[in-house]
Amino acid sequence: MSRKITRRKVLAGTAAGAALATFKFPAPAIAQAAPFKLGLLTVKTGPLAQGGIQMEQGIVTYLKEKNYKFAGRKVEFISADTGGNPAGAKTKAQELIERDNVDTIVGPLAAFELLAITDYVRQHETPLLSLAAAEDVTQRHVNPFVVRPSATSAQCMHPLGDYAAKELKYKTAITISEDFAFGYEQIAGFQRVFHDDGGKVVKKLWPPLVTPDYTPYIAQISDVDCCVNGFAGSNPVKFMKAYQAMGMKSKIPLLAGWTAMDDALLHSLGDEAIGVKSAHWYSADFESESNKRFVADMQKSYNVLPGGYSAGMYIAGMCIDAALEKSGGKAASKKAFAEELHKVSLKDSPRGPFHFDQYGNVVGTVFIRNCERKNGKLVNTVIKTYPNVSQFWTYDPKKFLSQPVYSRDYPPLKP
Amino acid sequence: MSFYLVLTVNSITFGGLLFLLSSGFSLIFGLMRIPNLTHGSLFMLGAYFGATFVGGLLGFVFNFWIAALLAAVLVAAFGAVLERLLLRQLPGQPSAQVLVTLGLSFMVADFCLMVWGGDPLSVQTPDSLVGFVRLGPLAFPLYRLAIIGIAAVVAIGLWLLLDRTRIGAMIRAGVDDPDMARVVGIRVSQLFTTVFALGAGLAAFAGIIGAPILSVYPGLDQDMLPLALVVVIIGGSGSLLGSFFGSIIIGFIYNFGQALLPELAYFVLFLPMLLVLLFKPQGLFGRFVP
Amino acid sequence: MSARIVTLVVGAVLLITLPFWMPGVYYLNVASQILFYAVFAIGLNILAGYGGLVSLGHAALFGIAAYATGYLLQHGFGHPAAILIALVVAMASTALYAVLSLRASGIGYIMITLALGEIVWGLAYRWISVTGGDNGISVHVRPEPFGIALTSASAFYYTCLIVFALSTAMIAIFVRSPLGAALKGTRDQPRRMNALGYHVWAIRFWASMLSGLLTAIAGILFVYYNQFISPQTLALTASAEVVLMVIAGGASTLFGPVVGAALVVIVKSVVSGYLTRWNFLLGAIFVAIVILMPEGLVPGTVRLWKLGWRKTIARRPKIFKAGGPPV
Chain A
1 MSRKITRRKV
11 LAGTAAGAAL
21 ATFKFPAPAI
31 AQAAPFKLGL
41 LTVKTGPLAQ
51 GGIQMEQGIV
61 TYLKEKNYKF
71 AGRKVEFISA
81 DTGGNPAGAK
91 TKAQELIERD
101 NVDTIVGPLA
111 AFELLAITDY
121 VRQHETPLLS
131 LAAAEDVTQR
141 HVNPFVVRPS
151 ATSAQCMHPL
161 GDYAAKELKY
171 KTAITISEDF
181 AFGYEQIAGF
191 QRVFHDDGGK
201 VVKKLWPPLV
211 TPDYTPYIAQ
221 ISDVDCCVNG
231 FAGSNPVKFM
241 KAYQAMGMKS
251 KIPLLAGWTA
261 MDDALLHSLG
271 DEAIGVKSAH
281 WYSADFESES
291 NKRFVADMQK
301 SYNVLPGGYS
311 AGMYIAGMCI
321 DAALEKSGGK
331 AASKKAFAEE
341 LHKVSLKDSP
351 RGPFHFDQYG
361 NVVGTVFIRN
371 CERKNGKLVN
381 TVIKTYPNVS
391 QFWTYDPKKF
401 LSQPVYSRDY
411 PPLKP
Chain B
1 MSFYLVLTVN
11 SITFGGLLFL
21 LSSGFSLIFG
31 LMRIPNLTHG
41 SLFMLGAYFG
51 ATFVGGLLGF
61 VFNFWIAALL
71 AAVLVAAFGA
81 VLERLLLRQL
91 PGQPSAQVLV
101 TLGLSFMVAD
111 FCLMVWGGDP
121 LSVQTPDSLV
131 GFVRLGPLAF
141 PLYRLAIIGI
151 AAVVAIGLWL
161 LLDRTRIGAM
171 IRAGVDDPDM
181 ARVVGIRVSQ
191 LFTTVFALGA
201 GLAAFAGIIG
211 APILSVYPGL
221 DQDMLPLALV
231 VVIIGGSGSL
241 LGSFFGSIII
251 GFIYNFGQAL
261 LPELAYFVLF
271 LPMLLVLLFK
281 PQGLFGRFVP
Chain C
1 MSARIVTLVV
11 GAVLLITLPF
21 WMPGVYYLNV
31 ASQILFYAVF
41 AIGLNILAGY
51 GGLVSLGHAA
61 LFGIAAYATG
71 YLLQHGFGHP
81 AAILIALVVA
91 MASTALYAVL
101 SLRASGIGYI
111 MITLALGEIV
121 WGLAYRWISV
131 TGGDNGISVH
141 VRPEPFGIAL
151 TSASAFYYTC
161 LIVFALSTAM
171 IAIFVRSPLG
181 AALKGTRDQP
191 RRMNALGYHV
201 WAIRFWASML
211 SGLLTAIAGI
221 LFVYYNQFIS
231 PQTLALTASA
241 EVVLMVIAGG
251 ASTLFGPVVG
261 AALVVIVKSV
271 VSGYLTRWNF
281 LLGAIFVAIV
291 ILMPEGLVPG
301 TVRLWKLGWR
311 KTIARRPKIF
321 KAGGPPV
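Residue numbers (the working numbering), protein chains in the order written: chain A, 1 to 415; chain B, 1 to 290; chain C, 1 to 327.
Extracted from the complex, chain A is given alone in its bound form:
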């Protein structure tokens, strides 16, 4: 083997080099052909993986339906696992924005994750469609790049309070939810409207996030017309089983927020869920064209009934698609795209018609459902719809915002 540099080798090398140099890379002027990069912030490991996995399923279902093309433009999808903690959310947001240069982010899952990244997302002017509640991001500390197609924590609970007082004619209630912000905000929403409609919340119970046994709390529930719960994750399963085991189910009816009776959770539940009425911004049995398609696709791809986590991301996909259509597939500046997203208003979606308010939060339908068994399976059947519900219910936004943030003690209990 000769290592000499022969003339032949030099000639061959030069020829190869020249050939390569003639290779033209696509001119940057064809910017539209550049793929639209969509990043997903979700949780795929750890206790929050339950919702996180569903989020990915939802957005992927929409992408597949659209053949990974929005407005004629190819979509490159990048999924990031935050691990369900704020530092992880920040790191993954940085990965998506700084390393992968995404055009838009969907997610994250948890409120504290959104709070950890909202400043960062605003600094880097990246539009974000959130699933997480974290009310203030569309209330007192509005982030102009964030749009929320799911709901604020209290958004569904306001109408539930109305329904409980006016239709079910309940006069008293005890509430129980986890001792964290999502719990406080949900219950506060219910309490406020329930009070305004003549009802009275007698007691508010706040078990810690990690409670192996709810019996000490259930033992405190008595002498009221209903019990309202806002549990999330896998806690609703534990709670409802204990509630039924203690014989409470037949005595005091249960009302629930969206995470407690999410359609995707139904297959983990049993008879203890029958008769529970819940308020949700999505319902699998809602009969819109897109929802029928969505539910069928989810069942085909993943053999699951979709719930809020997947629907929220599917709808986020629809919003991005619609905004891209409007701007001719260009998404020239991120700021302009964020504004375009705020203007999205769809008539046909898995949750019905919706648009966004000036703060970036969705205004859409809230469904009141009743859980029953049909053909051996548990389903949530819609029994009432409240159209065009905003995060402020029927209150004036300015007045709403001037009042203290919903918290453990606000609104205070009626004496």
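Careful, some of the hints might be misleading.
[Said to hold, decoys possible] Computed spacing ranges between beta-carbons, pair by pair:
(1) Ile-274(A) <-> Met-1(B): 25 to 33 Å
(2) Asp-348(A) <-> Phe-132(B): 44 to 52 Å
(3) Leu-129(B) <-> Pro-353(A): 48 to 56 Å
(4) Ala-165(C) <-> His-124(A): 54 to 62 Å
(5) Arg-88(B) <-> Lys-69(A): 55 to 63 Å
These are computed hints drawn from the structure, not numbers from a lab.
No residue lacks a Cβ here, since even glycine has one placed at the ideal position from N, Cα and C.
Based on these hints, arrange chains B and C on the given structure of chain A.
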């Protein structure tokens, strides 16, 4: 009045569940002085296996009790393998034991997520124990009462094993003085494998027994491990019956604490644990200081 | 020139020039994270490695410093004041932590620190008026020491690098000092040390304070990096993670904790982008370390380098307490 009655009864039954949960950890810690931080994950693994058997595997729907025993045996075998391959190398090296048991817990937890997904699994109460028992004005679920019975049976069984059988004597000898025990002809390392397997099996059994109440979900291991630690510390190590009564006491602290002192709900178990560690480190009924 | 000095010099050069050869801002940020987690791990190593006291509640001390900084900033304090007061608060907390936990040693110590960590975590959730509960506290601006804005990734990186270098120097001096030697003595032979007239408790107490100082500094860097603090940072899993960093890297070695921190941060941040089952991988790596290099990655690699592969496996130290050849 019925409020206090409910709390009292539930304290006892929750104590029973706590005993089942911590018995495995207590055994391994008490006898082998290994802080088995994989304990929570073995509990969860047993619960997942049990849930799968009860729910129907390959067309077979197992009876709840058989499923529980099967899950316990499977996880016990797994525990034996772990002990042989990994923990055997590390006597008296707490840092390495912490590293390996925590590493294993990550692996087991992620494995469960991979196989069973993120959604919680619900396990039905066994048919023989569905229903209520009337205790005066209130109705208390039968299954929860049964747990106290199961816990008592397990406690007595373990005590008999360790105190009244030859193998128990050999285990105790192997723990007190492994070298002398070997001299006398006791197969110490085999016994240790057996003890670890037994501890793992107990954890798994507790997992499936607790499943109708706790359900099975990712994160169950992280929720349960601190509880096991609290029980072992407060109840004390080295005495099984002491561990049993310690669990019941903790059941009372938990139930009454959560109900009557909601402001302190987060601290209701860890504050007593801290106080015990500071002032009575061997625990309420323990025989040695950890 | 010994291999050790060469390695140190090359390492230093690489670190100082990192922003220039690291491909992208994202990885530069990952490097910053590795550095302040390394400071955290170095802080814990004083106790867990050199002191033989494995603290499973150190995330509480880390978090207290971070929360104090965030709280003060939120209430209008300037950065220097916030940092100083936060350090004071953190040191006071460490003193209390030490007084309570040093009543025991060995497994008792592990359990007390675990309980303390859980209690502080519960406080972070419940004391909403101070901590904001699980909504946490946001830090909106990073400081501008000497007019250099730390908002840029490379400026923040150099800050972390300087802090890291100072911490490493501090520990190197500490280990070689009489106090450091006494600490190692209390780890290996507490009773003999006592008999010789050393005040074991006091030695451990001051070691805890030094550990708390470094941990607090790391916590402050953390809250400025993430610009957010919430209770998850104080959870048991966070404490366990830093213990794993120390043990996996090599307890009671100078650079073991750094390697351990790098391992965990890289798997969590970078590998997780390519592998969904990164949690499983991380656990498997820890188990592999125990099997192949039970004294940690750094001492194990040093042995590997000196002896070659086969001999390394054969000559694994059988008796390994949280110690090993000091670097």
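Query raised in the report: Can you give the numbers of the hints that this structure goes against, from lowest to highest?
Result: Failing hint: just 4.
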